[in-house]
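Student: Residue strings, one per chain:
There are 2 protein chains.
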Amino acid sequence: MIPRPTPQVDAVPASTPFVAPEALARRVGRDSLVRLGANESAFGPSPRAIAAMQAALPLTSWYGDPESRDLREALAERHGCAFENIVVGAGIDDLLGLCVRTFLAPGETALTTRGTYPTFTYHVIGYGGTLATVDAKADGSVDIDALLATAVATGPKIVYLANPDNPSGTIAGAADVERLRAALPVGTLFVLDEAYVDFVGTTPIVAEGIVENTIRMRTFSKAYGLAGARIAYALATPEIIATFEKIRLHFGVNRTAQIGALAALADRSYTADVAAEVARGRDEYVALGRDLEIPTLASFTNFVCFRLASQAHAEAMVGALLERGIFVRKPGAPPIDDCIRVTVGTSSERAAFAAAFAEALDTRREKATR
Amino acid sequence: MIPRPTPQVDAVPASTPFVAPEALARRVGRDSLVRLGANESAFGPSPRAIAAMQAALPLTSWYGDPESRDLREALAERHGCAFENIVVGAGIDDLLGLCVRTFLAPGETALTTRGTYPTFTYHVIGYGGTLATVDAKADGSVDIDALLATAVATGPKIVYLANPDNPSGTIAGAADVERLRAALPVGTLFVLDEAYVDFVGTTPIVAEGIVENTIRMRTFSKAYGLAGARIAYALATPEIIATFEKIRLHFGVNRTAQIGALAALADRSYTADVAAEVARGRDEYVALGRDLEIPTLASFTNFVCFRLASQAHAEAMVGALLERGIFVRKPGAPPIDDCIRVTVGTSSERAAFAAAFAEALDTRREKATR
Chain L
385 MIPRPTPQVD AVPASTPFVA PEALARRVGR DSLVRLGANE SAFGPSPRAI
435 AAMQAALPLT SWYGDPESRD LREALAERHG CAFENIVVGA GIDDLLGLCV
485 RTFLAPGETA LTTRGTYPTF TYHVIGYGGT LATVDAKADG SVDIDALLAT
535 AVATGPKIVY LANPDNPSGT IAGAADVERL RAALPVGTLF VLDEAYVDFV
585 GTTPIVAEGI VENTIRMRTF SKAYGLAGAR IAYALATPEI IATFEKIRLH
635 FGVNRTAQIG ALAALADRSY TADVAAEVAR GRDEYVALGR DLEIPTLASF
685 TNFVCFRLAS QAHAEAMVGA LLERGIFVRK PGAPPIDDCI RVTVGTSSER
735 AAFAAAFAEA LDTRREKATR
Chain W
385 MIPRPTPQVD AVPASTPFVA PEALARRVGR DSLVRLGANE SAFGPSPRAI
435 AAMQAALPLT SWYGDPESRD LREALAERHG CAFENIVVGA GIDDLLGLCV
485 RTFLAPGETA LTTRGTYPTF TYHVIGYGGT LATVDAKADG SVDIDALLAT
535 AVATGPKIVY LANPDNPSGT IAGAADVERL RAALPVGTLF VLDEAYVDFV
585 GTTPIVAEGI VENTIRMRTF SKAYGLAGAR IAYALATPEI IATFEKIRLH
635 FGVNRTAQIG ALAALADRSY TADVAAEVAR GRDEYVALGR DLEIPTLASF
685 TNFVCFRLAS QAHAEAMVGA LLERGIFVRK PGAPPIDDCI RVTVGTSSER
735 AAFAAAFAEA LDTRREKATR
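Line by line, the protein sequences are chains L and W.
Here our numbering is used: position 266 in the first sequence is 650, and no number is missing along the way.
Here our numbering is used: position 123 in the second sequence is 507, and no number is missing along the way.
Worth flagging that the hints you see were computed from the coordinates, not collected in a lab.
Be aware that one or more of the hints could be misleading.
Since the list gives no way to pick one copy over another, a pair counts as held whenever it fits inside one copy or between any two copies.
Derived SDA-like pairs: lysine to any residue, alpha-carbon spacing no greater than 25 Å straight-line [claimed, not checked]:
| hint | residue 1 | residue 2 |
| --- | --- | --- |
| 1 | 630 | 457 |
| 2 | 630 | 489 |
| 3 | 630 | 717 |
| 4 | 630 | 392 |
| 5 | 521 | 390 |
| 6 | 630 | 411 |
| 7 | 751 | 722 |
| 8 | 630 | 517 |
| 9 | 630 | 386 |
| 10 | 630 | 594 |
| 11 | 751 | 672 |
Take these sequences, add in the hints, and give me the full structure.
Tutor: Below is the structure:
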């Protein structure tokens, strides 16, 4: 007889948060795709980070520092906190899992926006929690009032907010985030996922500083161009960080990634250049939408949602683009499941997308008018 | 009020499986140490693996394949199984956590040898399980009969065997392992950690092949010299692998690590050379022990345990070596807590250890005879 998983794991349905571009390429018989579906940085890591990592590789035979001391000290300086306020993990996905495991007992409820970043939901279900959601607003933005009212009425153990939001790309302003956070019931943990914060520009999103009920997450996967390195961090009280220390995977973070992240963090002008180039690409996508008469959602990230006529149209468009060698994704939940979500690529990738998108729209319009 | 962790996590005592050499170096005010304490490969990764990783680094902005398809296919060919029999994780530590989370419900019991590889125990406690142990034999080797008798009598959910064992370095023969595995109660999962298997040489340790009640773990951290890359894999039935798929961190493995592991796996002659050099170093340590009149435990790994006069003597020796800039560890539990465990280094590292060890022993003997 096969050893049985725990009843709790047994009850988890089989699901995959994301089908990878490698699998999609295999599906359509291509070696590779134009990758505009996973919000990876088209501009790569800082050359200084690449050089630091290349120099470090011969010592890959050594374990990385399980305390990530050098990186945490640099991050503490950047954020004006102590290294005891920081935990480093193998991406925000890893840290979300750690949060859920630590704070959400089986059967307890986590509240978030329907359709937001699915890996949080994946961990809630995976650890036997219950998911409660409120709908986003019609324009794709998070409904802070609805989150707040539901949190106050029901007292969930965790409230999760991705800000800027993924997959919509929209942002909640600093005052709204602060209002939500301050109103949360005693004992509710606020998980603030700021993966895309480096693309926001000058819009203030939330005050810096460690707050007792909050875990803030930042990543090197987006503006720093280190998605493949799997490295991110969370900021919280020393009590919360010490609790993570009791159960986290101490040797989970790649040594070269730690060295690359440290170098990337120091290269501020490179990250600023990437953010500026992303802002230009975002404007280009908005202009493209205008030209093609396809509305776009407001974006403060490195991707833009194009709003098509229907959910079915959006799904067909993902397929039509894939056939043309272009990988994009679509949001899974209303009110924005009529969108395709397109990462800001390099200028040639943007041109390839624009051409394929226009062609696929034309093909469809021709069919519709035939 | 601070959000409270789950009662189960709250009950976990604060503990750290290993203090890192970086932290120890800071403690004694050194920039670095001769690293002979973490069983890292002194011979580094294959030059082909380094070259493949260096070439891959500019694309660190891409996520790695969450299915690790290329690597799993290569591993499947190596082991004569299907890729559906394989899950890739961020080191055996990660995979042990996944096993415990998947199979050991809070309160259920895992059985192993007292003092064996502590990260398994760490996860058992971290997930709210109960640990049961049997003692190792006087020579440091695992007591298969005791494990078998206890497993049959008590029906634990998991039996964990590191073979070769860490920290003793000893091995259980293929017939013994098979006898234990075949005798396990229905529903008991056998977790066989073969991290050091590549150093065993021609001694058969256990038949290849997928067995229903068994998860076998292999790593790229030891003979392949990729400890810092965090990449390992487990072999099991497709049913077990599919269960892992429901809850595992899909994007947890570094992209460059996957590419490095694939190249390292292909470079069989390099790994064979490393194993041969390790065997030479092991013989040298045994000869050193003989010269110094310090017994050594039988080793089938890349480390050797030197048996000192007492637990206190071993602990003092770890400190004395650290003061001399040499990092070694000592087993934490009897009957081998009177040992220091020393990784096979390069020939100059071995010489540095031999000199420091002899000196520290002399200092102690002088004190004793004064």
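Student: Each of the hints needs a verdict: does it hold here or not?
Tutor: Hints and how they fare:
In this assembly of identical chains, the alpha carbons of residue 630 and residue 457 lie at most 25 Å apart only when taken from the same copy (21 Å versus 36 Å across copies). Both within a single protomer and between protomers do residue 630 and residue 489 lie at most 25 Å apart by alpha-carbon distance, with minima of 16 Å and 18 Å respectively. For the homomeric pair residue 630 and residue 717, the shortest alpha-carbon distance between copies (21 Å) is at most 25 Å, but the shortest distance inside one copy (36 Å) is not. Taking the shortest Cα distances, residue 630 and residue 392 sit within 25 Å of each other both inside one copy (22 Å) and across copies (12 Å).
With identical chains, the CA atoms of residue 521 and residue 390 are never at most 25 Å apart, being 38 Å at best within one copy and 33 Å at best between copies. In this assembly of identical chains, the alpha carbons of residue 630 and residue 411 lie at most 25 Å apart only when taken from different copies (22 Å versus 42 Å within one copy). Taking the closest pair of Cα atoms, residue 751 and residue 722 come within 25 Å of each other only inside a single copy of the chain (19 Å); across copies the shortest separation is 81 Å, beyond that limit. Taking the closest pair of Cα atoms, residue 630 and residue 517 come within 25 Å of each other only across two copies (22 Å); inside a single copy the shortest separation is 30 Å, beyond that limit.
Within a single copy, residue 630 and residue 386 get their C-alpha atoms only as close as 31 Å, which misses the 25 Å cut-off; across copies the closest is 17 Å, which meets it. Proximity of residue 630 and residue 594 under a CA criterion of 25 Å is satisfied intra-copy only: 21 Å inside one chain copy versus 34 Å between copies. In this homomeric assembly, residue 751 and residue 672 come within 25 Å of each other (Cα to Cα) only inside a single copy, at 22 Å, whereas the closest approach across copies is 82 Å.
Checked against the numbered hints given earlier, this structure breaks only hint 5.
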